[in-house]
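Read top to bottom, the protein sequences are chains A and B. According to the numbering used here, the residues represented by the first sequence are 1 to 143, in order. According to the numbering used here, the residues represented by the second sequence are 144 to 550, in order.
These are calculated hints, taken from the structure and not from any lab test. Please note: incorrect hints may appear among the correct ones.
Calculated pairs, DSSO-like style, for lysine-lysine (alpha carbon to alpha carbon, straight line, at most 27 Å) [said to hold, decoys possible]:
1. Lys35/A / Lys550/B
2. Lys382/B / Lys441/B
3. Lys45/A / Lys283/B
4. Lys35/A / Lys543/B
5. Lys255/B / Lys218/B
6. Lys283/B / Lys309/B
7. Lys56/A / Lys255/B
8. Lys328/B / Lys309/B
9. Lys543/B / Lys56/A
10. Lys442/B / Lys463/B
11. Lys35/A / Lys255/B
12. Lys35/A / Lys445/B
Listed below are the residues making up each chain.
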Amino acid sequence: MSSISTLQDEIVSEFEILGDDRESTIFYIMELGEKLPQFPADEQKDENLIKGCQSKVWLIADEENGKVRYFADSNTDITKGLISLLIRVLDNRSPEEIIQADLNFIDRIGMGSIIGSQRSNGLASMIQQMKRYALAYQTKLNA
Amino acid sequence: MSFDLEKIRGLFPVLHQEVHGRPLVYFDNAATTQKPQAVLDALRNYYEHDNSNIHRGAHTLADRATRHYEATREKVKDFINSRESAEVIFTKGTTESINLVAQTFGRKFIGKDDEIIISTMEHHSNIVPWQMLCEEKGAKLRVIPIQENGEIVFEEFEKLLNPKTKLVSVVHASNALGTINPVKKIIQSAHEIGAKVLLDGAQSTSHLEIDVQELDCDFLAFSAHKLYGPTGLGVLYGKREILEEMPPFLGGGEMIKEVSFEKTTYNEIPFKFEAGTPNIADVIAFGQALDFIQSLGKKQIKAHEDELLNYANQLTKDIKGFIPVGTAADKVSVLSFNIQGMHPFDVGQMLDARGIAVRTGHHCTQPLMHRFGIEGTVRASFAVYNTKSEIENMAEGIAKIARIKNK
Chain A
1 MSSISTLQDE
11 IVSEFEILGD
21 DRESTIFYIM
31 ELGEKLPQFP
41 ADEQKDENLI
51 KGCQSKVWLI
61 ADEENGKVRY
71 FADSNTDITK
81 GLISLLIRVL
91 DNRSPEEIIQ
101 ADLNFIDRIG
111 MGSIIGSQRS
121 NGLASMIQQM
131 KRYALAYQTK
141 LNA
Chain B
144 MSFDLEKIRG
154 LFPVLHQEVH
164 GRPLVYFDNA
174 ATTQKPQAVL
184 DALRNYYEHD
194 NSNIHRGAHT
204 LADRATRHYE
214 ATREKVKDFI
224 NSRESAEVIF
234 TKGTTESINL
244 VAQTFGRKFI
254 GKDDEIIIST
264 MEHHSNIVPW
274 QMLCEEKGAK
284 LRVIPIQENG
294 EIVFEEFEKL
304 LNPKTKLVSV
314 VHASNALGTI
324 NPVKKIIQSA
334 HEIGAKVLLD
344 GAQSTSHLEI
354 DVQELDCDFL
364 AFSAHKLYGP
374 TGLGVLYGKR
384 EILEEMPPFL
394 GGGEMIKEVS
404 FEKTTYNEIP
414 FKFEAGTPNI
424 ADVIAFGQAL
434 DFIQSLGKKQ
444 IKAHEDELLN
454 YANQLTKDIK
464 GFIPVGTAAD
474 KVSVLSFNIQ
484 GMHPFDVGQM
494 LDARGIAVRT
504 GHHCTQPLMH
514 RFGIEGTVRA
524 SFAVYNTKSE
534 IENMAEGIAK
544 IARIKNK
């Protein structure tokens, strides 16, 4: 499995291919969302909603052989695309790796200007929640 | 001014820019319109040459500022054809105008078990002030239902009217749907049972000819910034005899006649309702916005905007997955819609990627969205400076976006 930094480099080069064409970039993010694995309908409940997101984002995590697995969904396609990028980088890793991860690809591709400030705040909340889950599993594994 | 679109566009500096490498297409005019150069110049000119507090100044600058400020009041009077300029009160905006009526007229004349009628398509600013008043007074809020096409059910409105109805407060043109309400009929019916009528003119004043005497409305509230004028400024029109009966809204300077610690007497209208130093610069600049509108005439403006709306309807109606929201026969230039299977926010962001500015969400009309069983819409709203080629650009964008989920 590729390292977090290799995966981030991959994502950055994918976005570089799209160049400055904003429309293609947004369409690409939406396409990424379509690839998110099916999210269990019964987990679409309020307690799994991420606070601080304008659109609805449900996120759950599970532990599998010492690694954290993430499952997410959203009611908007662009947000689904954003969370699929985060899952691609952080899923199936040890809690330590996730907690320490520096997600620099977001700034490197200029995501803030692509998605605007409302969605950038939401993206920050998603990352925070993913790290929180990792922290909780780390505490549990070390107990 | 004759209707020369290129010339009109030339008056608005903000329009001449690129967004994400594409020419800006500004279709968020129902939220706020752009400002012509004359408005911007007036703001600057006031601060550069005339800045001074108005009324009671013994010096030249104060006199000049006062004359320019009061000149705008005269222009507003002509703009809405009120009987006199004293019936024109400057406020912060439509929201404050409505709250002013709720807190003064409402507190004095609406009591326990009295009724206030609004419609399903009201903006939150024409719902919440009345809910607050009803809660305080034990009065009741009644709501006129609407049909699927976004028109009110007039017969239901008539059924709601009764001797307890003290006020009917309805939107002239809906911000979320564009529907133009039959306000003349509404006013006549309300007056027959002795109720007063407030019109929320935030969305109508820039498109439709407004004659408060002909309409016979008791109040009219609107905002300058949706009329090519500055933000933070609005108007409340009220009939003199009602304004005189109303207690003051805010207490302070300007609104008094005599103050002693035992008793204060209040100034004449409109000053009774303009406590404190008003928004002088913006009022003066608003005069230029009104001149701009009057130079074209509402007839020409409406004809142009109707043409844009019809063209937009024509280009979008056959797009697979395109769902118009609000299809009333009589509309201002608002195209509200959804795309099957897509969130309005995503559609808005994808249009933004083409340089097209639209608004998405509930448009501060959540009860209306509930009525249609939707979370929100995408709203494109057109103004005098928009063009048919911009509509073509948008329609092309919508078709491209719709194809994602509607193959």
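Comparing the hints with the structure gives:
Among the hinted pairs, Lys35/A with Lys550/B is consistent with the structure: their alpha-carbon atoms are about 18 Å apart, no more than 27 Å. The hinted pair formed by Lys382/B and Lys441/B meets the criterion: a straight-line CA distance of about 24 Å does not exceed 27 Å. Of the supplied pair hints, the one linking Lys45/A and Lys283/B is violated, its CA atoms being roughly 35 Å apart against a limit of 27 Å. Our distance criterion of 27 Å between C-alpha atoms is met by Lys35/A and Lys543/B, whose separation comes to about 20 Å.
Only pairs whose Cα atoms come within 27 Å are accepted, and Lys255/B paired with Lys218/B is rejected, the gap being roughly 39 Å. Between the alpha carbons of Lys283/B and Lys309/B the distance comes to roughly 10 Å, so the proposed pair stays at or under 27 Å and holds. This hinted pair does not check out: Lys56/A and Lys255/B have alpha carbons roughly 41 Å apart, beyond 27 Å. At roughly 17 Å between alpha-carbon atoms, Lys328/B and Lys309/B fall within 27 Å of each other, so this suggested pair holds.
A threshold of 27 Å between alpha carbons decides the hint, and for Lys543/B with Lys56/A the separation of about 25 Å falls inside it, so the pair holds. Our distance criterion of 27 Å between C-alpha atoms is broken by Lys442/B and Lys463/B, whose separation comes to about 34 Å. Distance check on the hinted pair: Lys35/A and Lys255/B sit about 58 Å apart at the alpha-carbon level, beyond 27 Å; violated. The hinted pair formed by Lys35/A and Lys445/B fails the criterion: a straight-line CA distance of about 46 Å is larger than 27 Å.
The structure fails hints 3, 5, 7, 10, 11, 12 (numbered hints given earlier, in ascending order).
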